[in-house]
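Asker: Chains as they are written, first to last, in the numbering used here: chain A, 2 to 480; chain B, 23 to 690.
The reader is advised that the hints may include incorrect statements.
Said to hold, decoys possible - Okay, the calculated beta carbon distance ranges per label pair: (1) B/Arg113 x A/Glu352: 27 to 33 Å; (2) B/Glu464 x A/Pro274: 51 to 57 Å; (3) B/Arg652 x A/Asn440: 41 to 47 Å; (4) B/Arg669 x A/Lys273: 55 to 61 Å; (5) A/Pro417 x B/Gln320: 41 to 47 Å; (6) B/Glu522 x A/Pro417: 58 to 64 Å; (7) A/Asn437 x B/Arg652: 37 to 43 Å; (8) A/Lys430 x B/Val415: 55 to 61 Å; (9) B/Asp612 x A/Glu242: 30 to 36 Å; (10) A/Pro237 x B/Arg669: 35 to 41 Å; (11) A/Glu242 x B/Arg652: 52 to 58 Å; (12) B/Glu515 x A/Asn437: 39 to 45 Å; (13) A/Lys273 x B/Ser466: 56 to 62 Å; (14) A/Pro417 x B/Arg652: 26 to 32 Å.
The set of hints was computed from the structure by calculation and includes no laboratory data. Think of the CB as a built atom: it goes at the ideal place given N, C-alpha and C, for glycine as much as any other residue.
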Amino acid sequence: MAMLKGNLSPFLFAIPTKSRIPTASLTTSTALLHQPTVCENASMTTTVPPLPIPSPPTSVYVHLPFCRKRCHYCDFPIIALGSSHNQLPEHDNNDPRISNYIHVIRREIEATKPRSPTGPPLKTVFFGGGTPSLVPPPMVWSVLETLRSKFGLCPDAEISIEMDPGTFDERKLRELKELGVNRVSLGVQAFQEELLRACGRAHGVNEVLEAIDIVGRCEIGNWSMDLISSLPHQTPEMWEESLRLAVGAQPTHVSVYDLQVEQGTKFGQWYKPGEFPLPSETQSAKFYKMASEMLSKAGFNHYEISSYCKNGYECKHNLSYWLNKSFYGFGLGSASYMSGVRFSRPKKLKEYMGYVQSLEDGLADGQHHDKHVDAKDMAMDVVMLSLRMARGLDVKEFTRTFGKSLAFSLYGVFKPYVESGHVIALDEKGRLLTANEFNSLASNGCEVDDMVAFIRLSDPDGFLLSNELIATAFSVMSP
Amino acid sequence: MGYLRRASKSFIKSRNLSILSAFSAYGPSTFDIRSRFAYCTHSRQNNRESPIDLSQYPPERIRNFSIIAHVDHGKSTLADRLLELTGTIKRGHGQPQYLDKLQVERERGITVKAQTATMFYRNTFSSPNVKDTEESPTFLLNLIDTPGHVDFSYEVSRSLAACQGALLVVDAAQGVQAQTVANFYLAFESNLTIIPIINKIDQPTADPDRVKAQLKSMFDLDPNDTLLTSAKTGQGLEYVLPAVIERIPSPPGKFDSSLRMLLLDSYYDEYKGVICHVAVVDGALRKGDKIASAATNQVYDVLDVGIMHPELTPTGVLFTGQVGYVVSGMRSTKEARVGDTLYHAKSVVEPLLGFKPAKHMVFSGLYPADGSDFDALNHAIERLTCNDASVSVTKESSTALGLGFRCGFLGLLHMDVFHQRLEQEYGACVISTIPTVPYIFEYSDGSKVKVQNPAALASNPGKSVTKCWEPSVIATIIIPSEYVGPIITLCSERRGEQLEYSFIDSQRAFMKYRLPLREIVVDFYNELKSITSGYASFDYEDAEYQISDLVKLDILLNGQPVDAMATIVHKLKAQRIGRELVDKLKKFIDRQMFEITIQAAIGSKVIARETISAMRKNVLAKCYGGDVSRKRKLLEKQKEGKKRMKRVGSVDIPQEAFHELLKVSGNK
Ligand SMILES: Nc1nc2c(ncn2[C@@H]2O[C@H](COP(=O)(O)OP(=O)(O)O)[C@@H](O)[C@H]2O)c(=O)[nH]1
Ligand SMILES: [Mg+2]
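Go ahead and model the full structure; you've got the sequences and the hints to work with.
Answerer: Here you go:
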């Protein structure tokens, strides 16, 4: 087991609370190391190179948890405002629940120590929810301003916001656009009245069409549409229609989610996956393939398991997740990833507010410096995340970071799946390796590194079984 | 039962759980564990003021008897009462089965190991002529409680070898049951004096007259000799020991001959080492003697000798006809061959008739569920068998399951209890293969092999099999008469041959069947009970091998035979069993990345086939955003699920599937 040892790879640094270091080059920050975490198993038997120092985050996720009501499939931390909440903008401004929350989230941002005082400015900001479009634009602006003054914001930063049909008008979107939002993620989910109703969505098809129209009129050049497949009572015809109308709306990005029936949701109480009225596993696999096929034909790249985009329109923010880059997270239940440590904020409002208070009191910093980072753990994250992408796992980099033996064990376990076509190995020139080539390389360790540049899952067969394939990879990485 | 309470408390304190588990072979009863446990905890503090002088008890003042009964008819309770009555243990308020600490005992409530206790009793009651009670003689009584389940009749016959009489306890409401019959005959064949006792007469449904009539008609026991008791209320108990003294003969040994003693039992004590229970048949044994084993010719020094009273109570000597314990520096219970004759080294004696060695009737492979846990399983099995010579263990290996053990058991319950204890007490996670019985195959070249592991039998041997034999049993079944029809059907489905069919009385039928052992190994007793709503009683004894028509049934996954799933079955049953095995596997193996074919085959002939189509979709396409930990947890869980499966070739088999295979009987 190769664990990160503080003195071998200085990496878990903590900057004293009050002191600000003017220029923190790599060496100076190394010199100011926090007492290194020593783990019991300090002997490193395999030749695992020290983990690279993660660069400071340039992405921020801001959780705006308000919804008019909870959808039947949703298990995210949200705050339902209730039907009394009027969607008209003038009323939004007055809801104290929203303004109070915005106040707390700004306090959280203020109380957060930047990873590096001279760190690079933010490249992506993502307002997710909940239904962020319920938050009045001036409040969104105030959060953005807080972020800007705290961390700096690149002039060309990707600033995304999730918006639900029926929660905004043209004026609201223009306002958002003016204050810097340049990417919209529209939560359409379905184009069928009965399906929207079955999901407990707070809008109908008319609102969907109107929302698409508004996005067009506001000339949002970079927008995404969310769809959900495998909904109860959904037929292939309905799904085909949704995909067709999605293509017709000409977004630059489409996210296709596959319904996950979660415990504790209404769907969780009502339905069992694979059983009526939910589609069978076979049917649901067919939906996935239909999406892949239709969207690809329409010129979208299937660049991640559930994401499609026109050339150059990848969601930069999400890419930072999949590339295992650091990111800040603010707001109720949000996750952050800094210095190799993942942290999720409390999911209950009261506890979250307590957390922000302790942050201000210097009692918590949300960064858990005392957690040691296990290289194998990180390697598993990298495998899990990168195999979600069409680009796949960058084998060379993986080997450099985590050592040959771990990479080699992956080849071993993937051999049968290269043969079956679920896994694809590519060389540096992007040429597909045949199963025979891969097999002989995999059994003859040394050369593999030279030949294989990327390992990825095939589209759609490999993607469809990604859980199984990743879990299989896990079983050799952490037996 | 204050004494019991004490014992149990100190037991809980003693951190050494192994003591308990070491006590008995497979789930001690209330009584067993009490007494055994007590030996360990109290023996060292045992410095009595007036040591017992055994020389006062010549054979004519000794009675050795055991209590035999169908399960739950009240052996252990009656034994408790007799121990109280004689002041051997204090009368208390302990709950019955209070010391059944092991989960397996509490769940099953069974006695599986014989236990011995020595009591002293002055016969005041039935000697009205003796005016001065001071002068009525004191007797030394050795009481042996015996197990009451079919699998353990071996234990019963062992205990009987040291006795001259037996109390045959019958529940006043339930009447004669299968083990009553089996145990009666064991005692009868050993020429023991039998004292019939109808117990539980306090029950509202008690019908002692009916039971008396059954005893008369079935065993020719005189109703006038029958005692009526309630071990619960104490009613009638005062007649029991006087009857023991009056009716049971004293042990027959010769006081002045050289020492010969029978090794009845042994167990391992953390402090003292191996402790042997012995019955001194002739002569006397003293501390410091050198004794030899007739079986091994090993010589030992007698370090300690005494009686079970019920704690180990040193007496320094044991005389003819007495039963007690010996500590002799044996290192392992394996040296203590039960049934062996021990005698004075250098003397020349004729060995006593030993008992038949334990016969292993059922075999099964035991494998660690996780291949890497072999050492842990090895350790657990070693510990558990330390006191249970009745399980045979040999290492074996399987291509499918890796390294494991082939274990032989006395019967199915024995096997079950063994598994359960391995899991509960040692945390071992085991996969066991389909239980099999030892078959004999003869080949065209005249060679014969005994097959305890079906995998060892070649599926396509070069030479042809000319004959095969399978072990059979004689089963005794007692049922309410209305179930006769369905039970006859059950037995004939199981290839049984009816040997006897009669009625105990107007309500109960008695049947004897010869059945292939294989047919009762799986599910027979359960089936019997479910057909009769629990009213059937059943016992069996092993009988000779019978010529049979046997075939090896292979299970193939994706065309590869899985050695651990092979079975040997009767040709006529092969189709049904093959179908059932394939269906079970189909039901319990999840869809996987690739299609799986499951086949059952005899040689190269496939007799059942199923396919499990490939998994279609297993993907997490949900907007979890940055919540990587959550995704990760999900996949880790999936990985852990894989870990709990056995990978055979390219197929992941859940442990559950193996467990299900054990239940396949081919009779559904
Ligand atoms: N009513 C009643 N119950 C009894 C009597 N003797 C034993 N029992 C109960 O019958 C059950 C089985 O007794 P036990 O001594 O364990 O039977 P064993 O299996 O033969 O050893 C226990 O619940 C006892 O309490 C009795 O004389 N009357
Ligand atoms: Mg009992």
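Asker: Now tell me, hint by hint, if it's right for this structure.
Answerer: Now for the hints, and whether the structure bears them out:
1. B/Arg113 x A/Glu352: 27 to 33 Å: At roughly 60 Å between Cβ atoms, A/Glu352 and B/Arg113 fall outside 27 to 33 Å, so the hint is violated.
2. B/Glu464 x A/Pro274: 51 to 57 Å: holds, 55 Å
3. B/Arg652 x A/Asn440: 41 to 47 Å: violated, 35 Å
4. B/Arg669 x A/Lys273: 55 to 61 Å: violated, 28 Å
5. A/Pro417 x B/Gln320: 41 to 47 Å: violated, 57 Å
6. B/Glu522 x A/Pro417: 58 to 64 Å: holds, 60 Å
7. A/Asn437 x B/Arg652: 37 to 43 Å: Because 39 Å falls inside the window, the suggested range holds.
8. A/Lys430 x B/Val415: 55 to 61 Å: holds, 59 Å
9. B/Asp612 x A/Glu242: 30 to 36 Å: holds, 34 Å
10. A/Pro237 x B/Arg669: 35 to 41 Å: holds, 36 Å
11. A/Glu242 x B/Arg652: 52 to 58 Å: violated, 32 Å
12. B/Glu515 x A/Asn437: 39 to 45 Å: The hinted range 39 to 45 Å is violated for B/Glu515 and A/Asn437, with Cβ atoms some 54 Å apart.
13. A/Lys273 x B/Ser466: 56 to 62 Å: holds, 57 Å
14. A/Pro417 x B/Arg652: 26 to 32 Å: holds, 29 Å
Of the hints listed earlier, those the structure fails to meet are numbers 1, 3, 4, 5, 11 and 12, in rising order.
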